[in-house]
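Participant: Letter by letter, the chains look like this.
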Amino acid sequence: MILKYTYRTLITFSTQVSSHTFMLRCTPYANEYQRLIEHKTSVIPNCLLTRSNDTFGSILETGYVADMHDAFMFESTGIIEIGNNRSIEKVNPLFHYHSELTTPDMAIRDAARLIGMDMSVTEWVMRLSDYLQGHFQYESGATNVKTTASEAFSLGKGVCQDYAHIAIAMCREVGIAARYVNGFMIGEGATHAWIEYHDGERWLGFDPTNNRPVDDTYIKIAHGRDFNDCSINRGRFNGIAEQNIKVTLMVEQLKKLPKEQTKQIKNQ
Amino acid sequence: MTTKMFLSAISPAKADRLYWLGRYSERVCTVLHILRKYYDAIIDDEHTNSHKVFCSKMGIPCEVENSREFVHKYLYDETLNYSVINMLERVKDNAILLREELKSESLQYIELAINFMKRAGEEDLKLYDIQYVTDVMYSFWGAVEDRIYNSKVRDIITSGKYIEKLDLYIRFGYEAERIEDVLSRLERVDAFEGDFYNTTDFINLKQRIAMPGFSTEETLNVVNSLFAA
Amino acid sequence: MYTRLLTQKDAVNKWMERYGVRFGIYKNGTFKEQIFPFDAIPRVISNSDWTELEKGLKQRVDALNAFLRDIYTEKRIIKDGVVPEDFVYSSKGYLPQCEGITPSKGIFSHISGIDLVQAEDGTWYVLEDNLRIPSGASYPMIARQLTRKASPETFDGAKVFDNRDYARMIREMMDHVNVDNGLEVILTPGRYNSAFFEHSYLAEKAGVVLAFPDDLFVDGDKVYYKGLFNERERVGAIYRRLSDEYLDPMTFERSSLLGVPNLFQAYAKGNVAIVNALGNGVADDKGIYYFVPKMVEYYLNEKPILKNAPTYLPFYEKDRNYVLENLHKLVIKDVAEAGGYGVMFGRDMDEKRLEEVKELVRTQPRRWIAQEVINFIDLEIMEGDERVMRKADLRAFVVSGKETKVWPSGLTRFTRDPKSFVVNSSQGGGFKDTWVMAE
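Residue numbers (the numbering used here), protein chains in the order written: chain A, 14 to 281; chain B, 102 to 330; chain C, 237 to 675.
Simulated from the structure, these hints should not be mistaken for laboratory data.
Remember, predicted model here, so these are calculated numbers, not experimental data.
Take these hints with a grain of salt, some might be off.
Which residues of chain B face chain C? A partial, calculated answer using Cβ under 10 Å [as the list claims (entries may be wrong)]:
{"#": "1", "residue": "P113"}
{"#": "2", "residue": "R200"}
{"#": "3", "residue": "E212"}
{"#": "4", "residue": "I257"}
Virtual Cβ for every residue (Gly too), placed ideally from N, Cα, C.
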């Protein structure tokens, strides 16, 4: 599927700030099933953006605004072709180990064991997701970015980030390698989170919030051990200011590639 | 070893510490000097009002009627933020963060002054018995002059010193010549360049002081806003 | 040899006070500066003992550096089954962000603090490796300076290695790893750090800039020192006295107010040297300690010169059984703790406590290591005018730059409590100068 997206965050500060350092993870992950046809990141105030990959391969853009400013905007736009083939990959053993936000407590351990073992990995993940649908409720505002899997699970409600953390904790508990994914989804107005689990051969995506496998309507931005490895924006500035954050996201399907892009691709 | 360090930039936070180190160190010396003059009057008459005059010139509250009691509190009371012991603590707060510039040899004088003042407070030593503090503070100034090889660093401390002197001389109504002398010393400090101070303010200050009967309060405001960092 | 010095001990302590030789400590949430009690009787290490120690320390640190290079790249030592994967990936000190990064000149542990004790039979045992930010070298350095001042006769003809060139060793190492001949700084978290005296003293003696987190910033993946007039000066080497998790709020602990944002990116791109490198915690983990002699064999193909204290890993079934049977005579350490915390002696436990700890060992075997209690020699200290015997250890400092060099001195810490075996300064101990004899 060919998707066109525009993601924008506008932060307004109640007073002027300066020496503003930031780190963005807002460019789609480039791999065998996500091909970036066109992409651009822009930032206001204008500054030097440097690009690199983090240890998990997600694309990072960092910058520094020295001067006073009272607003900060970053925008990521692009056209991306998404396929469904997932190639065979070895697992980084790290994704077998619990991380800060996914360390399970007894309740999560017990729940993971209740699901049973006599089935394929994919089947297990689907059962886990079914279980969550029955035992966990979607409610925004109940949790925050620091909420751990255990805290969310005992609360019984949360958002996509919490669904993902709990699912990852349960997978890792029974020996399935799992990782956190941050990204965009067609029809959603904000970023979404889901998981990837390793079925012994490939990394496959599953969306526990919507209880369905990830397909070519999802754009992956970053993956890591948990949310901490995937933040879309981290910043630090001088000044005491309240921040007002406005996020907009548009993801739509393009029936075919725009003309110029088709030509460019042929030339490559 | 390379000489890299001496050419290096000075961060705004560091410049601020150097400046206030200069101001507080000078404040300790000059205040003790002025206080001795006022104390001289107290020797003859314990009920003199001279300490009240001192307070009003310094712009600090005067809550004690008795002159001797005032001197004790003013020197040693750690709960009064304007006491001499607290001036020394501020000197130390800044100096301790600047060891690599001041060198341990200079820092030791501040340690000595504070340790002495603490003991003096416990033993209620009189003003004339704490000449030692003045002695070691002058040693400190000597060490600053001698042991700091980064001229920019030395210049910022020295600027702080002269600005503090200006402030106190103006408060206590020193003769114009004395004040002008400090001004011209300040002008000769190398770090004294356009960016460092607001040049217009400096010219303004010079003109003010040249006029007889200038307003103390307004002039002090100009003095205290000279340092731009 | 040092009798004259003892008559001058009050003078030495006066000098210490003048020089502000202190360390900070938090008690009930408030910060206090304390004098680090100095004992004038030096620990004397004979030249022959030192020759052996020096070789052993160099070897150990070279192996540890090889381990760190391997762990963050190929991981041969795991593939070859020498170190179990579990001990790496579940170690708090392992930082996946550092995968594939080779620090400037390939050095991870530039300054290593190796804690040793000497047993009654004269054998030296390593108790702990400190490869993150080992502190304490400044104390014997300034103690030597001040004892020489207070009692010059003591050193007249005494064949003791001078230890005051430690700062120069640090400076040479920093010059070696410096990227693009940039500014060299010691990055301190600030005055309210327990070792602030050391940060400022080393900056003075090494002739480098003492930088506070706000003095530095990162732009275009390069680190700069911020000047007064908005000028910037490129930074080439940072001796940071801030732990990994607080070093960069963009990559690590986001709530850290101390770090330099995006410093990690500059480091990952090879644009700045960080001393010590990030991620070293995986090698000085108490669990990994067990494997250090094996590392010497694996990477250097040499026989380890220095011994570990006899250690058991409950992770292995055989060791676990031994620990469960002999807990009453062993010492148990929590691998996640440091600074003398999380250390328990079996002989101090009653039956009930022994059972509780055994249960912990059974349920969380990876969390603990157990060691035989070594009867290490006591050293003389002055208690008033009386000489008494107390437990002491030695922290040796190894500096890895162009070459690996062992500092011919070290921090000797002693416990003032006659019953205590824990010599950490945060637990009320004192220190001695360490004299290494030149012949």
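Participant: The structure should be examined with respect to each hint, and the outcome stated for every one.
Facilitator: Evaluated hints:
Interface restraint check for P113(B): the shortest CB-CB distance to chain C comes to about 5 Å, inside 10 Å, so the restraint holds. With 10 Å as the threshold, the beta carbon of R200(B) comes within range of chain C, its nearest partner Cβ sitting at about 4 Å, so the hint holds. Hint on E212(B) holds. Least Cβ distance to chain C is approximately 5 Å, under the 10 Å limit. With 10 Å as the threshold, the beta carbon of I257(B) comes within range of chain C, its nearest partner Cβ sitting at about 9 Å, so the hint holds.
Every hint, counting from the list given before, is met by this structure.
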